[in-house]
Each structure stands twice: as C-alpha cells, then as structure tokens.
Amino acid sequence: MNPEHDARTLGITQGVCEVCLKLVPAKVQARGDEVWLLRFCPEHGEADGKIWAGVEDYLRTQRYVKPGWVPAAFEGDASKPCPEGCGFCERHEQHLCMPIVEITNRCDLRCPACINGSGGQDKPADMTVEQFGRVIDRVLDAEKQINVLNLSGGEPLMHPQLLPILDEAVSRKDVVRVSISTNGLRFLSEPRLLDEIRKRNVVVSLQWDGADDDVYRTLRGRALVEDKARVLGLLEHNDITTSLTMTLAGGRQDKELRGALDLLFGKPNIVSMMIQPLAFAGRGAGLRDGGERMTIPDVIRALGDAGHPNVSREDFVPLPCSSPLCFSLAFYLMLDEPRDGAASGTRGAASVSERAEPQRAVSINRLTDAATMMDAVANRLLFGLAADEHEKLKQLIYDLWSGPVGAVPEGPAVLATLRGILRSLQAPGCSCFDPRTAFNVAERKIKSIFIHAFQDASTFDLARVRRCCQAYPQADGKLIPACVRNVMHANRRWEGTRG
Numbered sequence: 205m206n207p208e209h210d211a212r213t214l215g216i217t218q219g220v221c222e223v224c225l226k227l228v229p230a231k232v233q234a235r236g237d238e239v240w241l242l243r244f245c246p247e248h249g250e251a252d253g254k255i256w257a258g259v260e261d262y263l264r265t266q267r268y269v270k271p272g273w274v275p276a277a278f279e280g281d282a283s284k285p286c287p288e289g290c291g292f293c294e295r296h297e298q299h300l301c302m303p304i305v306e307i308t309n310r311c312d313l314r315c316p317a318c319i320n321g322s323g324g325q326d327k328p329a330d331m332t333v334e335q336f337g338r339v340i341d342r343v344l345d346a347e348k349q350i351n352v353l354n355l356s357g358g359e360p361l362m363h364p365q366l367l368p369i370l371d372e373a374v375s376r377k378d379v380v381r382v383s384i385s386t387n388g389l390r391f392l393s394e395p396r397l398l399d400e401i402r403k404r405n406v407v408v409s410l411q412w413d414g415a416d417d418d419v420y421r422t423l424r425g426r427a428l429v430e431d432k433a434r435v436l437g438l439l440e441h442n443d444i445t446t447s448l449t450m451t452l453a454g455g456r457q458d459k460e461l462r463g464a465l466d467l468l469f470g471k472p473n474i475v476s477m478m479i480q481p482l483a484f485a486g487r488g489a490g491l492r493d494g495g496e497r498m499t500i501p502d503v504i505r506a507l508g509d510a511g512h513p514n515v516s517r518e519d520f521v522p523l524p525c526s527s528p529l530c531f532s533l534a535f536y537l538m539l540d541e542p543r544d545g546a547a548s549g550t551r552g553a554a555s556v557s558e559r560a561e562p563q564r565a566v567s568i569n570r571l572t573d574a575a576t577m578m579d580a581v582a583n584r585l586l587f588g589l590a591a592d593e594h595e596k597l598k599q600l601i602y603d604l605w606s607g608p609v610g611a612v613p614e615g616p617a618v619l620a621t622l623r624g625i626l627r628s629l630q631a632p633g634c635s636c637f638d639p640r641t642a643f644n645v646a647e648r649k650i651k652s653i654f655i656h657a658f659q660d661a662s663t664f665d666l667a668r669v670r671r672c673c674q675a676y677p678q679a680d681g682k683l684i685p686a687c688v689r690n691v692m693h694a695n696r697r698w699e700g701t702r703g
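For the sequence shown, position 352 matches number 556 in this note's numbering, and the numbering has no gaps at all.
Everything labelled a hint here was simulated from the structure, so no lab data went into it.
One or more of the hints may lead you astray.
In silico DMTMM-like cross-links for lysine to aspartate or glutamate, where the CA-CA straight-line distance does not exceed 25 Å [what the hints assert, rightly or not]:
1. 377 <-> 614
2. 459 <-> 418
3. 254 <-> 493
4. 459 <-> 417
5. 348 <-> 371
6. 682 <-> 247
7. 377 <-> 443
8. 348 <-> 614
9. 327 <-> 394
10. 254 <-> 210
11. 649 <-> 518
12. 231 <-> 496
13. 348 <-> 281
14. 682 <-> 237
15. 348 <-> 294
16. 649 <-> 399
17. 327 <-> 680
18. 403 <-> 334
19. 284 <-> 345
20. 682 <-> 443
21. 226 <-> 260
22. 327 <-> 312
23. 682 <-> 372
24. 231 <-> 252
25. 284 <-> 222
26. 682 <-> 288
27. 649 <-> 614
28. 226 <-> 294
29. 649 <-> 378
30. 226 <-> 281
31. 403 <-> 443
32. 254 <-> 237
33. 377 <-> 418
34. 377 <-> 279
35. 377 <-> 347
36. 231 <-> 288
Just so we're clear, the structure is a prediction, and the values are computed from it rather than from any experiment.
Take these sequences, add in the hints, and give me the full structure.
Right, here's the structure in full:
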C-alpha cells in the first residue's frame, strides 16, 4: 500500500534512514487516526514509523510547546550541520534538565531491549573520577543548578570506583539530587552497597518490568521476578528512595501496570515511576517483530484502564520543556490517610507487594488548570526546586482555598497536606530556601508518573531532538541529546573513557 494514499501531511521535518543513518527529508502524516513519520532516502527508498495514536490528540499536544531556557555555555559547533555539531550548539532550543552520565559499559546482564547495547563488550570502559568531575564542571558551566544528576551505564553499580564517583557527585552544592539507574542485582551480591547508597541519600532508579518472567526473558534475557522482588524488599527495608523504571513492550505488560501502580502508591520509599515504551534502538532493534510499537497515548490509555483508584487518563499532560511528543507526566499529592481496602488484586501486585496498601492521592491536574501546571514544569522535569516556586506553591494554596479544591471530595485533606509541606520547607526562624530540603520534603508527598518515548531510527525527528532536555554529557564537555546518542552515535559510545 502506498502510504501517500489517504494521508494528510501535518508537517515537514528531517528523519534518518534506518540503513545508512543519514539525515533525510521526512513528512509527518495523519493516516486514519494515527500519526506516522514518512522518510525519503535517495539511496534506500521510503520507510515509515508510527509516532502517535490519535490525530486530534497529536495536534493538541503542539499547543504545549513553551519557549526554552538558553544554556549559559555551548560546547557544540554550529558551523556543522545539525546534529553533527551537537554538544549543545547555539541552534539547540532548550537547556539541559537532567544530565545522564554513563560511567561504565560493564553490565551483569545482556538485555535484548538495551538501547545502548551495554554488556558483553570485549573490553570494559570506565569513566575515571577525574573525568567525572570535569563532566560536572562543564555541565555547571551551562546550567547554574543540576536538579537531578543521573548515573547510568552499563550497570553503574559495577564501576570499580563507584563510591568516589558518588562522593564527587553529592559533594557539589549545585547538584540537588543524585540518582543511579540500576538493574539492582549487585545489591544481592554486595548488600553493603545499600548502606553506602542510603548514607549518600542517592535515589535508586530500579529497572522493573513487572512480575512476569516471560516478560523478563524477552526484555532482559532471563527470569528475574524473584531477584527483583528481593531487591525491592531490600530497598524498602533500608528506606532508600526509589523510582521504578519500566520498559513497556506493546501488549505484553498491560496486566502488570496495576501492580506497578500498587507499588508506587503503596510503598512510601517508592516516589516515582518512569515508563519507557520499547524503542527499537541498540539491541532493542532485534525486538521489532515481537510486538506493536507503543506510543505515549497507548501508555496513558493502558494506565487509565489498569483500574487503580488514584489514576485516570485525564491526569497526564505533555512536558513542555522538551518536545511534547517525548514526555508526558502526572503528579499526585499524597494525602495522609490510607485508602480503605487491599492494594493487590493482580498477580503482579500480590507477588511483589502483597503488604502494600495504597495511600490516598489526588492528581495535581485535578486541582489546578492546565496552564498553571504547564508553567510549573515549563523548563524543568521537577517542580519546587527554586525559591520563586516556593512562593508559587503558597499562592497555589490560596487559590485552591477559594477555587477548585471545593470541587474534590478530598479538599480539606489536600489543603492540610499542602500546608504541612510548606511548614516542612520553611526552617524555623529562617526565610532562606534550600533546594535540597525542598526535594527531600516534596518527593514523598508529591509522587509522579513519567512516560518517556525514546526515539529510534523509525521515529527520529530532528525537530524533537533540537528541544531535547535530557542529554549524555561527554568527557570532552559536549552534551549529546539522548536520542542522537542512541540512534546516531551508538558505535562511538565509549570513546574517551578509560579501557
């Protein structure tokens, strides 16, 4: 079938050819009620990929684009064509919200779904402590404050100098929070690491794909349900702040979402969940035939249909600091009283979190208008990490008192919870504001669900890349947008690190 038939052009951009990875002309097309990216390579012909489910919803997201913040320094070369000169260069349209520093290529798994192909390399490559320090220096040249610094890999817990690297990160006063992305298996063989993580107040971003070993065999290459349950138990026992990161493969894990939501709202130490639809990049390209591509609206629909009392489709809004096609998010204010009734009800929830009882929560999107919420996260992934935002939170309480709070049954509990947050943020006898204190107070009172759609060669859109706010800082100071790195730089991933 010719994709041009019965198609309506919504926009013109540049994509990449899946064969040669060169930039090529591309059209954004509406086909029925789906949005597709059609690319034209003069050497290898036409190819396409679905990027969105729901044409009207796609058009609505375009209204959420906000003007970006310009970085204070640039390391890219604007004389080269985009994205060849990226780093960022002056043509980049957004600053850096969250740097992801790949400190090693070592890994104790060889996941079929891995977008960067870590694990199984002939020669380990590790970033030195000195290189890591310079990376932070260069990021802070461009950004006055790093709200969240993420350490990744590979498996970062396997880095031979992990603790000195963590010490370097947490010692920086302009780094508000440090997180580490891990499969968690190292905690089982080296439980001492749990105490080291806890002492440094590092957030563990745990790869957790549900409670079905068939899913783990497909995405991770082996059965992991029992190991993941043990890791979750250790993190809870040590009260380590945890975020769940879930790769969602089309149609495989819908039944697991209820279990994931039960964990999020039932475990105080689990403060957020990141859902990443499977991207066919890196080794993940080998899973292309294993299921249908999921887009952000597909994930939102599945979350709304999961049947959790705290979550509905209407809770989610695009993140305007990036392209609105890259992120969607929902924030939930955690109220003090637990909801009546048990949390489980699915095999996934019961097998991992049979004691979890969901706390009552109210979507922030129900308490304020979309414009206010969009302004709060217009150029950041997290809200409340600046002094002016503390004043905005006060104003929000005053507005709620006479406005929408009366329309929700939990109104009195909402106001009481917000007042409690404000009291905790304000030090006695001091008008000062400390972003680290704000993060520590707010992260367990305002939980979040993020949906992040990484691009692959079929969906790569240069217009989206130029608004990327998540990048991989390099040892030479360059900031490489995540999807440029994953799609176009995969073969050069570990240049400049120590082997």
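Now the hints, each set against the structure:
Taking the CA atoms of residue 377 and residue 614, the gap is about 38 Å. The hint is violated against a cut of 25 Å. Straight-line distance between C-alpha atoms of residue 459 and residue 418 comes to about 13 Å, which keeps the hinted pair within the 25 Å bound. For the proposed pair residue 254 and residue 493, the alpha carbon gap of about 14 Å is at most 25 Å, so the pair holds. At most 25 Å may separate the alpha-carbon atoms for a hinted pair to count; residue 459 and residue 417 meet this at roughly 13 Å.
In summary, the hint linking residue 348 to residue 371 is supported, as the alpha carbons are separated by about 20 Å, within the 25 Å threshold. Taking the CA atoms of residue 682 and residue 247, the gap is about 31 Å. The hint is violated against a cut of 25 Å. The hinted pair formed by residue 377 and residue 443 meets the criterion: a straight-line CA distance of about 24 Å does not exceed 25 Å. A hinted pair counts as satisfied when its Cα atoms are at most 25 Å apart, and residue 348 with residue 614 does not qualify at roughly 38 Å.
At most 25 Å may separate the alpha-carbon atoms for a hinted pair to count; residue 327 and residue 394 meet this at roughly 23 Å. About 16 Å separates the Cα atoms of residue 254 and residue 210, which keeps this hinted pair within 25 Å; it holds. Between residue 649 and residue 518 the alpha-carbon distance is near 20 Å, which keeps this suggested pair within the 25 Å criterion. Distance hint between residue 231 and residue 496 is fulfilled; the C-alpha atoms sit about 21 Å from each other, no more than 25 Å.
Our distance criterion of 25 Å between C-alpha atoms is met by residue 348 and residue 281, whose separation comes to about 22 Å. Distance restraint check for residue 682 and residue 237: the Cα-Cα separation of roughly 39 Å exceeds the 25 Å cut-off, and the hinted pair is therefore not satisfied. With a C-alpha separation of about 18 Å, the suggested pairing of residue 348 with residue 294 holds against the 25 Å cut-off. A C-alpha spacing of about 24 Å is found between residue 649 and residue 399, which places the hinted pair at or below 25 Å, so the restraint holds.
Distance restraint check for residue 327 and residue 680: the Cα-Cα separation of roughly 21 Å lies within the 25 Å cut-off, and the hinted pair is therefore satisfied. Using a Cα cut-off of 25 Å, the hinted pair residue 403 and residue 334 holds, with the two alpha carbons roughly 22 Å apart. Our distance criterion of 25 Å between C-alpha atoms is met by residue 284 and residue 345, whose separation comes to about 22 Å. Between residue 682 and residue 443 the CA atoms are separated by roughly 36 Å; this puts the pair beyond 25 Å, and the hint is violated.
Annotation: proposed proximity of residue 226 to residue 260 is violated, straight-line Cα distance about 31 Å (limit 25 Å). Distance check on the hinted pair: residue 327 and residue 312 sit about 14 Å apart at the alpha-carbon level, within 25 Å; holds. Annotation: proposed proximity of residue 682 to residue 372 holds, straight-line Cα distance about 20 Å (limit 25 Å). For the hint pairing residue 231 with residue 252, the CA-to-CA distance comes to about 9 Å; that is within 25 Å, so the pair holds.
For the suggested pair residue 284 and residue 222, the alpha carbons sit about 22 Å apart, so the restraint of at most 25 Å is met. Restraint check for residue 682 and residue 288: satisfied, since their Cα atoms lie roughly 12 Å apart, inside the 25 Å limit. Simply put, residue 649 and residue 614 have alpha-carbon atoms about 15 Å apart, close enough for the 25 Å limit, and the pair holds. Of the supplied pair hints, the one linking residue 226 and residue 294 holds, its CA atoms being roughly 22 Å apart against a limit of 25 Å.
As the CA atoms of residue 649 and residue 378 are separated by approximately 23 Å, the hinted pair is consistent with the 25 Å bound. At roughly 19 Å between alpha-carbon atoms, residue 226 and residue 281 fall within 25 Å of each other, so this suggested pair holds. A threshold of 25 Å between alpha carbons decides the hint, and for residue 403 with residue 443 the separation of about 11 Å falls inside it, so the pair holds. About 11 Å separates the Cα atoms of residue 254 and residue 237, which keeps this hinted pair within 25 Å; it holds.
Using a Cα cut-off of 25 Å, the hinted pair residue 377 and residue 418 is violated, with the two alpha carbons roughly 44 Å apart. Proximity of residue 377 to residue 279 is assessed by CA-CA distance (about 23 Å); at most 25 Å being required, the pair is judged to hold. A threshold of 25 Å between alpha carbons decides the hint, and for residue 377 with residue 347 the separation of about 13 Å falls inside it, so the pair holds. Between residue 231 and residue 288 the alpha-carbon distance is near 21 Å, which keeps this suggested pair within the 25 Å criterion.
Hint violations for this structure: numbers 1, 6, 8, 14, 20, 21 and 33, all remaining hints satisfied.
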